[in-house]
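Asker: With the sequences and hints as input, model every part of the structure.
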Amino acid sequence: MKQKRLFVQRSAVAVLAALLVPAFAVSPAAAKNLNVMTTTEDLAALAREVGGQHVVVDSIARGYQDPHFVEAKPSFLLKLLKADVLLVVGLDLETGWLPPLITQSRNARIQPGGAGYHDASAAAAVLDKPSGQVSRAMGDVHPLGNPHYWLDPENGRRIAKAIAERFAQLDPEDTAYFTQRFQDFDRRLQEADKRWLQEMAPLKGTAVITYHRSWPSFVNHFGVEVVGYVEPKPGIPPTPAHTLALINQMKKDQIKLILVEPYFDLKTPNAIAQQSGAKVLVMLPSVGGVPEVKDYLQLFDYNIRLLKMALGR
Amino acid sequence: MSPSFLWGQETVSADERYRALEERIRSLESVVASLKTALEASGAAATPASAATEIAAAQAVSQAPESTAPALGGAGGMAKVLNPDIGVIGNFIGAAGRNPLAPVPALSLHESEFAFKAVVDPYARADFFVAIGAEGAEIEEGYLTFTALPGGFLGKVGRMRSNFGKFNPLHNHLLPWVDRPLISTNLLGGDEGIVDEGLHISRILPAPAGLFLEGSAELYQGNSGELFQSSRRSDVSSIYRLRSYKDLSESTNLEVAGSYARGHNDQNNWWSCYFDGTDTFAPDGSGVSGGQPGADGVSVAFPPCILARGYLSRDFHTQLTGFDATLHWKPLRRAIYHSFIARAEAVWSRRQEELGTQRAFGFYASADYQLARRWFTGARVDWAERARDAAMHDSAQSLVLTYWPSEFSQIRGQLRRTRYGEGTTANEVLFQFQFNIGAHGAHPF
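Residue numbers (my numbering), protein chains in the order written: chain A, 1 to 313; chain B, 1 to 445.
In short, the hints are calculated from the structure, not lab data.
A hint or two may mislead.
Derived contacts from chain B toward chain A, CB cut-off under 7 Å, selection only [what the hints assert, rightly or not]:
id: 1; residue: 144
id: 2; residue: 145
id: 3; residue: 152
id: 4; residue: 212
id: 5; residue: 247
id: 6; residue: 333
id: 7; residue: 335
id: 8; residue: 336
Not close to chain A: a few residues of chain B, all C-beta gaps over 12 Å, as computed [as the list claims (entries may be wrong)]:
id: 9; residue: 101
id: 10; residue: 123
id: 11; residue: 353
id: 12; residue: 373
id: 13; residue: 389
Cβ atoms here follow ideal geometry from the backbone N, Cα and C, with glycine treated the same way.
Answerer: This is how it looks when you write it as structure tokens:
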């Protein structure tokens, strides 16, 4: 009995020690700035545009990382614990890694439905929404639509506006600041978009192959035409039979460009390019894909410059 | 907050009206493009600008808030409304070779796991995992997680795989091997490991220099396989874990943790007769040291006596102490092609029995390397004494090769050589087909 009493006492001490750890050590900082966590660098870039000096922004995924396959790490919990806002891409892009991070974040603000949980897809025009029977026979299909929607500048504008509204809800005192920041970003984006559309005009209708279905919003906006994919189905690595069919298609239709995201292996695209006489172009689906692309506008500047160079226009 | 708050504060200029109109035109274009894509995806004949398409597009746009972006996003997920995410995982296992001591069927659907997950309310979410195997259906786990506790706490209540060690909390389909390590069988009470009904509470603890430190405490009913057995309401078991984690670089991280568990073992379930104090037997009739066989040859007929539990003057406990370390390397840019994980886990068992205390030790060490996007290989070394007879130990070596056709299925082969304490050596080939339908479950970390 003595041993049991000792055990109970030890257990109680251990639990009390955990309970009495000073809450301030891990509680959200009482700073004025909103603490913003995003799942991708693109959302982080837009949040910085509208949040300016009144937000502190960090992203879970890096721009050169496949956002479908991020490793959930305990170190992210330390950041999520303090977050006032969590901005997510949604449409199941993060479904393989984000839910346990949110659940274990110990942060009620960023739970789905919480004031700080913001799904950016709610404001975006989403393409590739499958209808009818949807199954995994179609590959790693996203039933709610293609989640790479931020690659349309119009969506960038809508997302930024919704983020500004969310920031204003959480920090009403700075509503005018966020409004002004958004309007400034909107103006710069509109000007840049006019320039991009002019630069891309000669490429309108150009047929390209892409590795993954990352670009429907981009090509829809700029008028480029995607006529095939290196992946036979979304998320399914290329097979020899599909690769051969793609080479034949490219030869027949004189397709001269293969767009590849930085996180995919170039072996198969290079082999296809060699056989078909096409070029392989590593385009960036996200801000931060290369060090010099630090914001949302630079992402389009970089990709359009690459496209023009690759097609010699 | 009004969705159009950004516009409401200034007089709407002609320029802004033009911009709003332009946006609506673009919205209409997006809707048409979306519907066209959907029609093509469904195999329907693509009839550009058909009347139905135009009407649908017009309706969609008319529902959009005026002068704001169209609500075209898929964030709602209306397909399932309030139903939980449902997934089913099949685990088919085959075995070849000879193993007289721990045989498994040549071919079997070892387990089918049904997972149901949903947010319960603003304060909690629920997860249920129903495992159906040859022995019937059981709730492998069913717990409520409180996500909005004050003070940075996370709470769980229900039936759970306990937070002891690294592999014990993992479901079978998440293991990088076909089987569980020998320490599970020999020291943690069986293949299922420590699973029980109770409470969990954990908290991230303050730590310097970006170190992640998490402490957890669990209180259970006290019944878990052959490890813990509760004979009274007060015979609860408790489990504690302290986990530290550090990112060594962007690609490499290290986790080191210690665990401790304590509960009553089955030695407390002995009964005794008062008549001479020497004849004892367990409720299942084993351990008989006196009396006469009954008429059926199985049950035991004793001289008249008063059966009483708790004759022995002390409680018998089993204590487990565990240590685990995991080194993980995954280069972010090539994360889908290459990764490496090295794990090591050691468990010390201290089991009190009437004749003394059994002190047993066991460990495993494993390494897994991802060769390519679909291919993984690994090796594991096991060594474990037996909790009930620490003089006996078993050891094993395994080689594993896994192929992932997609995220949702995998084919695995494992060569296993096991040397049992009895002197028998078993050489086996285990193979496994796993498949997942329904909602995509995120893996624990």
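Asker: Work down the list of hints and note, for each, if the structure agrees.
Answerer: Now the hints, each set against the structure:
1. 144: With Cβ-Cβ at 12 Å, over 7 Å, it is violated.
2. 145: holds, 6 Å
3. 152: At 5 Å from the nearest chain A Cβ, residue 152 of chain B passes the 7 Å test, so the hint holds.
4. 212: holds, 4 Å
5. 247: holds, 5 Å
6. 333: Constraint on residue 333 of chain B satisfied, holds at 5 Å.
7. 335: holds, 6 Å
8. 336: With a closest approach of 5 Å, the residue 336 of chain B hint holds.
9. 101: Non-interface label on residue 101 of chain B holds, nearest chain A Cβ at 35 Å vs cutoff 12 Å.
10. 123: Answer for residue 123 of chain B: violated, closest chain A Cβ roughly 8 Å.
11. 353: About 15 Å separates residue 353 of chain B from the closest Cβ of chain A, which puts it past 12 Å; holds.
12. 373: violated, 5 Å
13. 389: It holds; residue 389 of chain B is separated from chain A by about 24 Å at its closest Cβ, greater than 12 Å.
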